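In case you want the letters, here they are:
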Amino acid sequence: AQRVTQPEKLLSVFKGAPVELKCNYSYSGSPELFWYVQYSRQRLQLLLRHISRESIKGFTADLNKGETSFHLKKPFAQEEDSAMYYCALRDYSGNTPLVFGKGTRLSVIA
Amino acid sequence: DSGVTQTPKHLITATGQRVTLRCSPRSGDLSVYWYQQSLDQGLQFLIQYYNGEERAKGNILERFSAQQFPDLHSELNLSSLELGDSALYFCASSLSQGPDIQYFGAGTRLSVL
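As they're listed, the protein sequences go chains A and B. Going by the working numbering, the residue at position 24 of the first sequence is 226; the numbering climbs one at a time, nothing skipped. Going by the working numbering, the residue at position 24 of the second sequence is 1141; the numbering climbs one at a time, nothing skipped.
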């Protein structure tokens, strides 16, 4: 079975401070990991996909298979980063549905 | 705008009633996925259709059903509604049934009173 855990429901940081949103997963197969973001009153948008290894809006995430983690990081938080962040997993083949964590609300304080 | 359209945006109904939620995928996308987002359960996968056929089933109740039509739009039917069915229902679409990115619609907020 696939499982995604985001241990923090809410994370508050000051503007300019580093941000780390935690994501741990459990899956016996080869995983593909994603971060989706949901800004207030907007739809879910793909932020990062581990296989693309991109940096979007200053965010990065590295898949650590040893620790089964895919933490989202940004060195300097901006107020516009305030949103709901969801970590999601599926099989690397793409042939299983996305399984989402319960999300972390990031609040960046000016 | 992801190109995935969901209607209606809001739906208020009573217990025991039946509603239909509609989703139009992005142009060219053959796969449609339905998710339920509730406060206690988070985002949960309900069902996937690919080119008109059911491909995967998640935590979908027997009172719920879905279909994908020849024009590729999809409908999620919720019947014998209960208070606990109040949630945001999201539709997502992707190009195929494999490792493509899923693009989400804005959701339909269902309130069962």
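Please note that a few of the clues may not be correct.
As the list claims (entries may be wrong) - For lysine-lysine, the following BS3-like pairs were computed, each having C-alpha atoms within a straight-line distance of at most 30 Å:
(1) Lys1174/B to Lys259/A
(2) Lys304/A to Lys211/A
(3) Lys304/A to Lys1174/B
(4) Lys259/A to Lys1126/B
(5) Lys1126/B to Lys217/A
(6) Lys275/A to Lys224/A
(7) Lys304/A to Lys1126/B
Hints listed in this document are in silico derivations from the structure and should not be mistaken for laboratory results. Predicted model, so just to flag it, every value in this text is computed and none were measured.
Hints, verified against the model:
1. Lys1174/B to Lys259/A: 34 Å, violated
2. Lys304/A to Lys211/A: 8 Å, holds
3. Lys304/A to Lys1174/B: 20 Å, holds
4. Lys259/A to Lys1126/B: Roughly 29 Å between the alpha carbons, so the hint for Lys259/A and Lys1126/B holds.
5. Lys1126/B to Lys217/A: Outside the cut-off at roughly 33 Å; violated.
6. Lys275/A to Lys224/A: 9 Å, holds
7. Lys304/A to Lys1126/B: 23 Å, holds
When each numbered hint is compared with the structure, violations occur for hints 1 and 5.
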